[in-house]
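Q: Residue numbers (the numbering used here), protein chains in the order written: chain W, 1 to 278; chain S, 1 to 278; chain E, 1 to 278; chain Z, 1 to 278.
Hint data in this document are derived by calculation from the structure and do not stem from the laboratory. There's no promise every hint is true.
[To be verified] Every beta carbon over 10 Å from chain W, so not counted as near; a handful from chain Z, in silico:
{"no.": "1", "residue": "Leu13"}
{"no.": "2", "residue": "Phe31"}
{"no.": "3", "residue": "Ser32"}
{"no.": "4", "residue": "Arg42"}
{"no.": "5", "residue": "Phe154"}
{"no.": "6", "residue": "His160"}
{"no.": "7", "residue": "Gln165"}
{"no.": "8", "residue": "Asp167"}
{"no.": "9", "residue": "Met214"}
{"no.": "10", "residue": "Glu258"}
{"no.": "11", "residue": "Pro259"}
[Said to hold, decoys possible] Sample of chain Z residues at the chain W side, in silico, Cβ under 8 Å:
{"no.": "12", "residue": "Val202"}
{"no.": "13", "residue": "Glu203"}
{"no.": "14", "residue": "Pro239"}
{"no.": "15", "residue": "Ala245"}
The beta-carbon is built from N, C-alpha and C at its ideal position, and this holds for glycine as well.
Protein chains: 4
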Amino acid sequence: MGMMIQTGDHVILYHSERMNYLVTVQSKGSFSTHRGQLPFDRIAGREYGDAIRTHLGFLFYLLKPGLADLAMKVKRSTTIVYPKDVGVMLLSAGVFPGARVIETGSGSGALTTILASFVRPDGRVYSYERRPEFSANARANVERYRLLSFCEFFVRDPEHEGFEQLDVDAVLLDVPEPWTLVAPAHKALKGGHSLVSISPTVEQVRKTVSAMEMQGFTRIHVKETLEREMLVRTSGIRPADRMVAHTVYTVVGNKVNEPGLANVAMPEPVPDSPRDEV
Amino acid sequence: MGMMIQTGDHVILYHSERMNYLVTVQSKGSFSTHRGQLPFDRIAGREYGDAIRTHLGFLFYLLKPGLADLAMKVKRSTTIVYPKDVGVMLLSAGVFPGARVIETGSGSGALTTILASFVRPDGRVYSYERRPEFSANARANVERYRLLSFCEFFVRDPEHEGFEQLDVDAVLLDVPEPWTLVAPAHKALKGGHSLVSISPTVEQVRKTVSAMEMQGFTRIHVKETLEREMLVRTSGIRPADRMVAHTVYTVVGNKVNEPGLANVAMPEPVPDSPRDEV
Amino acid sequence: MGMMIQTGDHVILYHSERMNYLVTVQSKGSFSTHRGQLPFDRIAGREYGDAIRTHLGFLFYLLKPGLADLAMKVKRSTTIVYPKDVGVMLLSAGVFPGARVIETGSGSGALTTILASFVRPDGRVYSYERRPEFSANARANVERYRLLSFCEFFVRDPEHEGFEQLDVDAVLLDVPEPWTLVAPAHKALKGGHSLVSISPTVEQVRKTVSAMEMQGFTRIHVKETLEREMLVRTSGIRPADRMVAHTVYTVVGNKVNEPGLANVAMPEPVPDSPRDEV
Amino acid sequence: MGMMIQTGDHVILYHSERMNYLVTVQSKGSFSTHRGQLPFDRIAGREYGDAIRTHLGFLFYLLKPGLADLAMKVKRSTTIVYPKDVGVMLLSAGVFPGARVIETGSGSGALTTILASFVRPDGRVYSYERRPEFSANARANVERYRLLSFCEFFVRDPEHEGFEQLDVDAVLLDVPEPWTLVAPAHKALKGGHSLVSISPTVEQVRKTVSAMEMQGFTRIHVKETLEREMLVRTSGIRPADRMVAHTVYTVVGNKVNEPGLANVAMPEPVPDSPRDEV
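Same shape as in the complex, but just chain W (with noise of 0.2 Å):
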């Protein structure tokens, strides 16, 4: 009953708050923490669930890692990208199980996994990186999850080539100058579906906003998401001293077919007074 972990298999080893692991099981050797030693062959073979002690004596729960969890501690060259914006971005676009979807930068491949959990089984990522050493290591990653089967990569700068696929079911966008992807996106995309654009700065909010005016989406929206810890104490609840203040601004917007519509929303002449629409 119950899932027995195997060698390959990913555990959270969580001690507490400030100590706890997302760890792949070797077939050999222990993983070492301040509180002493987990040998390998101690964890293979228990359940998720299970707690075992370290050599020292202290406390280790062997817990099943959430995407959450894939998000904040994969291997990373790049900046992460947090659960609380990946979730925005799942809901917003066209991500679900048998979906096609491009991203772009693969970056450390953290959304990559993410993508590629809930595309499967029929679905598939296409992941664009201009950087051939990001593109290898995010790869890397997603086959660490055993994702690598939906997936795609490929090195390439898509503002000058493009992208390969058509009739996507959504494009997300992580990369600097987001503007520069908003044709191949449109192009790439299925009518009426979503382009999904994350960046930092309202400079690049505003151009990418523009951007995608002009070359034909609508129903534009730009959000923050903000996510604050609750503390729970006997002393009494709280939130939390500190929080992340910003990640990223999200943009989304549909595909319009026929670009020279998208921003004639009211037609000519006016019929009546269309003063209640902003």
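For chain W, the structure is supplied; the task is to place chains S, E and Z on it using the hints.
A: Just chains S, E and Z, lined up with the frame of chain W:
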């Protein structure tokens, strides 16, 4: 070549931020808006991303609904679950293609629909609800999105009768007294996997966390998520004037198989000072 | 004992969160509410903290207005300045009893009133406004609170005509194009003292900060303040559903006497690496 | 012409965001920074807004401290009161030139100093503190800012001994158990005037609100204030990465003279349905 819209498909009819509708395409008749009629036979056969005009000449785009639209626009008899919170729930819990997930209450079926979308094609959502009429409404909403084959509905009070499933990948609670369901949730869950519970008040959070600690959960976190829209206008960029200030707190924790160990992160005797951990 | 309310005094007539009014006590007549009449001669002679009933039997408390009430309930022809932002302005700028402070525009006089309250009895608020009718309205509001002797009103465009005062303790800008007033503000301010400017959009902030850097200000900060209400009900404690998501960004900086030095925090040659400073 | 800085004056020595100090000018010696020495005799005689160099050639600006600086940089033995919260307190309570205000605990004297600044020259701050050493430290801090003549310090436990004053304009509580001081606060306050209490946890808020309702306060509100910095860089504008997520909740209410009436906003019999009020 694109996706031809057919009878029974779902479409966002989008005129402007203030005037847009989630509609199921009927075999005959028209959809009425304040800007005129949109006959269904002029929608069917078009592609997502196309634009059509009402008999008064107003333009509406035919957009592909995302899961956030389903959450916000489902026919509902209960409070809504906001996309910002659903995103956190999806990434915190083990919801992925193939997962077996328990949810209660069924509510309006909005969350059921989203969960069913993500566990396809081999997973299953077990949706529990005490009130028969709510369960029926939720089932009807799920059916509307053709996801019924991925769901099972139970009209039952899980507090007294428990859940029927074992070894599920996640349990999601959206009930007024979640603490009463922590014990059955613990029993139903796979070891090391996640219970997620959402509640609007601090008192509910406190009782739920307390029940989870006693029942055998660890790595318990409580979060709230805020979403703010940015307005990108020619007159300048600035946040929207108003926002939703609160929906729910989200409580997440992982099942520990041996409940007696859940609160014993520190062994006796303590080898060195654990002062650096809170 | 206590404070007997007299004709001309200001009173909050408070029935409930939804029904309360800031009223000036008149020598005759009644104040009309949806819960009945409150004759002024039954208010005068009572003390703050007393409760009286309308002719329909509804209870109203006679409460002492605070400065936050003045900010929110002044007769206004322009946008409001929110107490949360006024608080930041007061503490960032040199506003204190005895201070000499320039403010522009006069707006509705709400901020003028608050500033005048705090510079009493020896200080002065110099309030500049281009539009005569706004200036007159602001003056009337200040007079209503008997603070006129602490204010001087100028109908003038400070961009072209400058400010008349020198060596003021603070300059506060609430105008659509604050960057045009940075030079006259620099001239009017005491060295090392603060310019505070509030604006709703990011573009205004950028231009203002840029003008301040060029004109000779240092220690420039931009902040936004959010205020959320908590509801304490017998059914539980939770944040309010809705909140004001944005009013203004506040820009603050200190005058450097020799403008050429304002952006030269680092000398040549650099003795050691300043890499730890941003 | 400007303000010549003298021995005993307070100066912000500002090199950069990471390196700046609130300093009292001494008659001899130097202030040491990581960027070199700043001899006091080269600060005295200069004006605020001037810039001086350390012996290593680094530039420091001589800036006028604002009240926010006093709040953040006072020598403290207790937790800080943040300017964002002080602003709310000032505007919610009756703190103005000439006001008589009770505060407890004295803490580090930071709030005492700010209150004293605003009640000058005819008002008074009555500062209560149970612990003699805290009271002495607070007094020393107030004296450092030459505001001692506007304050009176009491080493006393107000829960059992009450406050000595009557008819004060405001009472401000910053103690671990504010609900124990609601009765003495009610007694000391002028009718209709404000009690303001700050506390970090939800439980403290609940007990304080409950005590206020019972003791005879109305128009009770609870707020929290969040402040986020915006970074204006040549690379773009965006919010800071990190922020303070929580300091305190602020509870405000107005004294009702006849406590029995405080919770009877609705008379018997009710003339019409009050369903529109919460």
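Q: Glu258/Z clear of chain W by more than 10 Å, beta carbon to beta carbon?
A: 33 Å, holds
Q: Does the claim that Gln165/Z lies off the interface hold, with its Cβ farther than 10 Å from every Cβ of chain W?
A: 31 Å, holds
Q: Taking 10 Å as the cut and beta carbons as the points, is His160/Z off the interface with chain W?
A: 24 Å, holds
Q: Does Met214/Z really sit off the interface, with its C-beta more than 10 Å from all C-beta atoms of chain W?
A: 21 Å, holds
Q: For the hint on Pro239/Z, does the least C-beta distance to chain W fall short of 8 Å?
A: At about 4 Å, which falls below the 8 Å cut-off, the nearest Cβ of chain W leaves the hint on Pro239/Z intact, so it holds.
Q: Determine whether the non-interface label on Phe154/Z survives the test: each CB of chain W must be over 10 Å from its CB.
A: 28 Å, holds
Q: Examine each Cβ of chain W, and state whether all of them lie more than 10 Å from the Cβ of Phe31/Z.
A: Given a closest Cβ separation of 30 Å, the condition holds.
Q: Test the statement that Leu13/Z is away from the interface with chain W: the closest C-beta pair must be farther apart than 10 Å.
A: Per Cβ check, Leu13/Z is outside 10 Å of chain W; nearest 27 Å; holds.
Q: Once the closest CB in chain W is found, is it more than 10 Å from Arg42/Z?
A: 38 Å, holds
Q: Checking the smallest CB distance to chain W, is Asp167/Z really beyond 10 Å?
A: 34 Å, holds
Q: Checking hints one by one. Is Glu203/Z an interface residue toward chain W, by the C-beta closer than 8 Å rule?
A: Check passed: Cβ of Glu203/Z comes within 4 Å of chain W, closer than 8 Å.
Q: According to the definition I'm using, a residue is off the interface if its beta carbon is farther than 10 Å from all beta carbons of the partner; does Pro259/Z meet that for chain W?
A: At about 28 Å from chain W, Pro259/Z clears the 10 Å cut-off, so the statement holds.
The structure is consistent with each of the numbered hints, conforming to all of them.
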